[in-house]
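Could you slot chain B onto chain A? The hints should help.
From first to last, the protein sequence lines stand for chains A and B. Each residue of the first sequence is one higher than the one before, starting from 15 at the first, in this note's numbering. Each residue of the second sequence is one higher than the one before, starting from 3 at the first, in this note's numbering.
These aren't lab readings, by the way, just hints derived from the structure by calculation. Some clues are possibly wrong.
Not everything, but these chain A residues come out facing chain B in the computed CB check (under 8 Å) [stated by the list, open to error]:
hint	residue
1	Leu80
2	Gln90
3	Val97
4	Glu99
5	Ser112
6	Leu114
7	Lys115
On a predicted model such as this, the values are computed, not experimentally measured, just so you know. Each residue gets a CB set at the ideal place from its N, CA and C atoms; glycine is no exception.
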Amino acid sequence: MFDTENSSASPLDSSILILKDLAFQRNEELLFSSINMAIESGEILQIQGPNGSGKTTLLRMISMTLSPTSGEILWQGKNVNNVREQYLGSLLYLGHQSGLKKSLSADENLLWWRKLNKDNLLPSSDALECVGLTRVKDVPCYHLSAGQLRRASLARLYITRAKLWILDEPFSAIDKQFANELKTLLENHLDNGGIVILTTHQDLEIKDMKYISLASPHKSR
Amino acid sequence: MTNTGFVAIFRRDLLLAIRHRGDLSNPIIFFFIIIVLVPLGLTPESSRLSEIAPGMLWIIALLASLLSLNSMFQDDYNDGTLEQIMILPQPLYFMVLAKIVVHWMVTGLPLSLLAPVFGMMLSLPEPGYLPLMLSLLMGTATLSLLGAIGSALTLPLDKEGLLLPLIVMPFYMPILIFGSGTVQFAIDGLSILSPLAVMGSLLALFLFVAPYIAAGALRLSVEG
Chain A
15 MFDTENSSAS PLDSSILILK DLAFQRNEEL LFSSINMAIE SGEILQIQGP
65 NGSGKTTLLR MISMTLSPTS GEILWQGKNV NNVREQYLGS LLYLGHQSGL
115 KKSLSADENL LWWRKLNKDN LLPSSDALEC VGLTRVKDVP CYHLSAGQLR
165 RASLARLYIT RAKLWILDEP FSAIDKQFAN ELKTLLENHL DNGGIVILTT
215 HQDLEIKDMK YISLASPHKS R
Chain B
3 MTNTGFVAIF RRDLLLAIRH RGDLSNPIIF FFIIIVLVPL GLTPESSRLS
53 EIAPGMLWII ALLASLLSLN SMFQDDYNDG TLEQIMILPQ PLYFMVLAKI
103 VVHWMVTGLP LSLLAPVFGM MLSLPEPGYL PLMLSLLMGT ATLSLLGAIG
153 SALTLPLDKE GLLLPLIVMP FYMPILIFGS GTVQFAIDGL SILSPLAVMG
203 SLLALFLFVA PYIAAGALRL SVEG
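So that you can see chain A by itself, here it is in the shape it has in the complex (with noise of 0.2 Å):
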């Protein structure tokens, strides 16, 4: 949307997320380039394509843990290799694998997550509870279903104040009744001016949504 009053930034300076031109390369091969997006408070980004198509890799290099071949993540308008401290303080990843230690239970791990993150969280409500794993709280990870272990590692959803959540394939493993509370959850938090970028599989009737699709790594070549 045009901000009026601010006649001489363009739309997208205003954006508070910016990919630029960010383009990935591995090994000689070209995995995806050119990606360009503006994304504003309250939005949903989805990022699709087949399997390899670097999805993953585009999730990590918005969280930093990868940096981009060529282009640039801009956050409120300064490249986020300036601002990292305030970057990653607002932004909350949730990877492919679990985060959780098998060894621990949902609860220890939670805790931990906690004490982490402690200058980032919602003041209280039990996170475990609302994800449904209050009955196996206290038994070690290893013990727990694929579907149980994603709800935990969800559960940070429910306390983190983050305003900017990374979700690789959320919606992997959980049930049809958590996937709704799940959707309803993400829904709220754009709601409350948050944004959230994903990949899925699923279709998710969410309005508004962003979509960046990447090539299969076959055909782009």
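Below, chain B without anything else, positioned relative to chain A:
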């Protein structure tokens, strides 16, 4: 606060070490096995054993430390917690340092405390007990610090095999030399201050730089 990360990781890793009690005793069992084998393979004569004891004890300690290096970052890398640590808006230095300190507490520290017992089994002369403990306390800490760098560098390699020992071994050598030297000096009735001072300065140096280098290596490895 910079040390929230340090404290959180320190406590979690310690808790994990306690959960995996079995792994805790590995270096000690390894040490014990070799100590039992040496008199059988070489000579049970205590006068000859006491000659090789300082060097032997130190070599075993070094190998025990080497054996336990793999696990330093590998588990965190595999289950994604390393990624979670690396995207925290805090310096990675302190969090890597926390992991190194725990690694030392579960490998080097128990070995150092048990060293007099092992020394006795190899007929180490009595004046060597305390210097052995002191040199091991400092030396194994330095080994853990150096090992963290190698461990971080070889992280993405699934089966790094002997690459890790090859990388860290050259850096381990001075510690072996001054460590066993300390014990030998004490047995010969010389002052142990100078070899201990060298070991202390090595420890101080690597305490400062090793977590920094390891953090950089981790970033490279995770990008890989």
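Hints and how they fare:
no.: 1; hint: Leu80; verdict: 5 Å, holds
no.: 2; hint: Gln90; verdict: 15 Å, violated
no.: 3; hint: Val97; verdict: 10 Å, violated
no.: 4; hint: Glu99; verdict: 4 Å, holds
no.: 5; hint: Ser112; verdict: 6 Å, holds
no.: 6; hint: Leu114; verdict: 7 Å, holds
no.: 7; hint: Lys115; verdict: 6 Å, holds
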